[in-house]
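Chains as they are written, first to last, in the working numbering: chain A, 1 to 336; chain B, 1001 to 1270; chain C, 2001 to 2416.
Rather than coming from a laboratory, the hints here were simulated on the basis of the structure.
Beta carbons: idealized from backbone N, C-alpha and C, even for Gly.
A couple of the hints might just be wrong.
[Unchecked claim] No more than 16 Å apart at the CA atoms, straight line, and that leaves these computed lysine to aspartate or glutamate pairs for EDC-like:
1) B:1260 - A:265
2) A:197 - B:1266
3) A:197 - B:1086
4) A:32 - A:74
5) C:2145 - C:2121
[What the hints assert, rightly or not] Okay, the calculated bits of chain A under chain B, using three or more residues with CB under 8 Å as the criterion:
6) 47–57
7) 187–198
8) 211–221
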Amino acid sequence: MAKVMLETKELTTKYITRFNEGIYAVDRVSLKVEEGKSLGIAGESGCGKSTLALSLMGYYFAPLHYTSGEIIIDGRNISGMKPDDVRKSILGTEISYIPQSAMNALNPTQKIISFIQDVIQAHDPKATKKEIHELAQERFAALGLPVEVLQKYPVELSGGMKQRTVIAISVILKPKVLIADEPSSALDVTSQKMVIKMLRGLMEGGFIKSMIFITHELPLLFNVTDDIMVMYAGQMVEKGTAREAVFDPLHPYARGLMGSIIVPESGLRGHKLTAIAGVPPNLKKPPAGCRFAERCQLVRPECRETSVRMNDVNGTGRAYRCLRTEAQLREAYQNA
Amino acid sequence: MPSEPKPCLSGQGLTKIFGNGRQKCCAVDHVDFCFNEGEVVSIVGESGSGKTTLSKMLLGLINPTEGEIYFQGQKRDISSQKKKQEYWKNIQAIFQDPFSSFNIFNKIDGVLLDCIHMRGGRRLPQAKKVELMTEACAFVNLKFEELTNKYPFELSGGQMQRLMIARIFLLKPKILLADEPTSMIDACSRATILDMLMQLRNEIGMTIIFITHDIGLAYYVSDSVYIMEHGRFVENGSADEVILHAKEPYTKRLISDVPKIHEVWDLTTV
Amino acid sequence: MKHILGQIFHSGKFMVGFCIFAALLLTVLIYPLVIKDPPLGIIAQGTFFPPGVYVSVYDSIGSNAYTLNLTDAAARRIASKLSSDDRTAMLEWLVREGVPAEEIDIADTQSLLSLWEKNYDPTKDVPGLTNAKRNYYIRLNDSLKGLLSAQGLILAAPSGSGGALQQTGVINQTDYVNVSEVPSVRVLPLGTDNFGRDVLTELVKATQVSLQIGFVAGIIATLIGLSLGLLAGYVGGGVDDVIVFFTNLFTVIPSIVLLILISFSIGQDKRGPFTIAVVMGFTSWYWTARAVRAQVISLRNRDHVNLSKLSGHSIPHIILTDILPYIASYVVMALILQISLAILAEASLSILGLGPRTTEVPTLGLMMNWAMIYQAQILGKWWAIFPVVAVIALVAFSMNLMNTGLDHVFNPALRD
């Protein structure tokens, strides 16, 4: 049994607005990432995947508040820890987080090497400049990045190179888990592929032990991660291996999502794309029953009333959130 | 399908150079093209390839530095404001960001009314105008009674983009230029937008020009594809030819860099 | 639109500024309806009368006399005549005359006065005593005559043809008049200026004129700047080049120098307040033009403008409906700033003597000018200069506060 690097149990976090309303952006999410594996989180805008990424770090700042649930990193429970403690002991060393458009975080008036100096000295004030230089050069070479980049200013680098630089810096302290939120959506396809290759290289080179990759682009996830988790309206609705999630989704929303994938492959032109009418529910007053009930083709009256739990598919690690059994769903899809 | 393809919009040696002296920037570099009536064409390019500049020239919003554009076989003449307005009865556009396409100070009814006026319907009785607008909204699955007198910020992105399509329904132009129409829309709603556009094409024989960076989208909807790089067309042909049997190295690289689901990347070699 | 107004009135800074400005405006509008005296009417003979309530002595005598027995009346009368400086001077004299210091109690008026009477000799020649000091002692002595007496004064008027005085009445020390029964009382809260004008009435009128000048100048400047900025930004090309050239020209030449030169060359007799306002408007538009142009250049490539073009709208229609509303908030703020700058510019001009003609209307700057020329601040006549400065400061402050408040509403990025 591989070691579990990151695990959450019924994690719930919410945003509190100026008028003291609570928006449950992440609702009882339980996930597990094992050593050597990568997990992809898929979903459309507003489903809560970026909020989940922030919550996983344990680093909360207003208006995001931790409500309940557990976060366990390599056996260490960090739920409810104070932000200062998290910053000192967790960030960078246990978990590292790359936000969307992280390349904009580079200070335009400083060289890359001084940025790296700041990061390392924040965790180890005694490190000397020489040690830092050597570490940086060795790490960049190992990751396939040109060493000259260290002495350049951010404006001199292309978008793809900046993003790869930031990724390299974020793992300089060899964290156990890397959380990447849309690391390549602002880049063109060629740079995107280079970034993905680098992320895989990090795992294979042992610089990180596991990875969580968040994006709305499903073909990308399929090429990068081992497992995929689909989110909708703050809840996890489907979990499984990448192949299962993309080619054999069980949850009606996941099925609709996978059916809307457009890739330039032969056979696509005759394929009918699925569309799901309607919009996600307002999370200020989430519906009592299934959150997807309004838009679901297979909805029944009880779907709107009872709160729906995740259904495990016989111990395979696969799960989906629906009142129907696996057999019922497959039959319904066949007849559609 | 038309028996013999009739050229609708074509161009020769179209060029646009910005700035002068040392700051010269050649955005579009001597491109030739021919779009036929009723055809769905995609112009595919990465950011910086010049496709936005090309689309603005096709629309008549920017004047080319060199080259000619032909509309229905005749040289296009948009030298005066009146001639421009005549031209715009035949070509319209949908933009990428539905939120910035609307004037935030005006109610959305104005957008649809402008279309009715543009087609000469200024003198129609109010009831008839409302009927036309209701029909257009129904085409895009929106209810006009619910939307009337609303401001743009009260609608969602998907609704606004569909309203743009309702506008095209009212105007019935010969050519529609769609600039990344679905890149800011949720994946689940994408199919709806594309279906509506295809339906329009089938009903009125409209030529659609998609400007996009998404090759998958280009392959899915188009009859022919033009690949643009650094202001030039590097390859063009039918969708199958260009995407499944690419000839140019740039096109091949572009297609291989797109993540697919039936052929997974081999990430050990770049 | 409605919710924007709601937000504006929620902004603390805007409300404070607005209240101050509204208070000033109301005062300026209501005061002349209540006090109908001409603001430049000279009512005082003499310069810089201090603030206070001025009661006609003649009318007081003629009014009903009421008898009031107040215990502290006598003490106050004496204290007003004998200030502590006077008492100290008397002490010096007495000591010089050889009276032992311990015997003198300057607080005890009676003993002090009796000692003084014994020892004061106006004819005595004291070595080292200046003429001024000697005259001071003589005046002091005269004023002390009859200080302690409780007798009243006798009124006499010339009678008949001979001109001899005949007693007409007596004024007792316990006679009081009710001020509201005295027909002629004038309250001068800010006294008079060097010409003898009521400062408060003059100030209100001056504020009104300065505000008018400011509004006219500000509106002219904003209108010119707006039109030129719109034209330059939207049309571009050669038109843009020409307008930018003129904008740069006006930017480089310091506007105050330009104002001074134009003002000087117009000549004293043509310089009415309206003319000054127009001149200021025509020399300060460049700043608005430049800002508007920058905004328009960024707006003209937006999608909604392109869509408008594709919908067949004409260029003037696009400028009015697609560009103008987007810069409206900015223009309102620019207008407020221009008005406040114009008021200050007029004040600067007037202080230098190059403002509007001095014979028709006062302006805030003119009042400061007069105060300075007649050396009010040196003479310690604070009422002629301090209130004017305070009003100018309040006007500029309130307008800038409103501006900052509006900035917070229209520019959400600035909100914390």
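Here's how the hints hold up against the structure:
1. B:1260 - A:265: Holds, because 7 Å separates the two Cα atoms, which is no more than 16 Å.
2. A:197 - B:1266: holds (9 Å)
3. A:197 - B:1086: violated (52 Å)
4. A:32 - A:74: Measuring from Cα to Cα gives roughly 11 Å; hence the hint holds.
5. C:2145 - C:2121: Cα-Cα ~14 Å, so holds.
6. 47–57: This one is violated; 0 residues, fewer than the three required, reach chain B with a Cβ under 8 Å.
7. 187–198: This one holds; 8 residues, not fewer than the three required, reach chain B with a Cβ under 8 Å.
8. 211–221: Our answer is that it holds, as 5 residues pass the Cβ test (under 8 Å) against chain B, meeting three.
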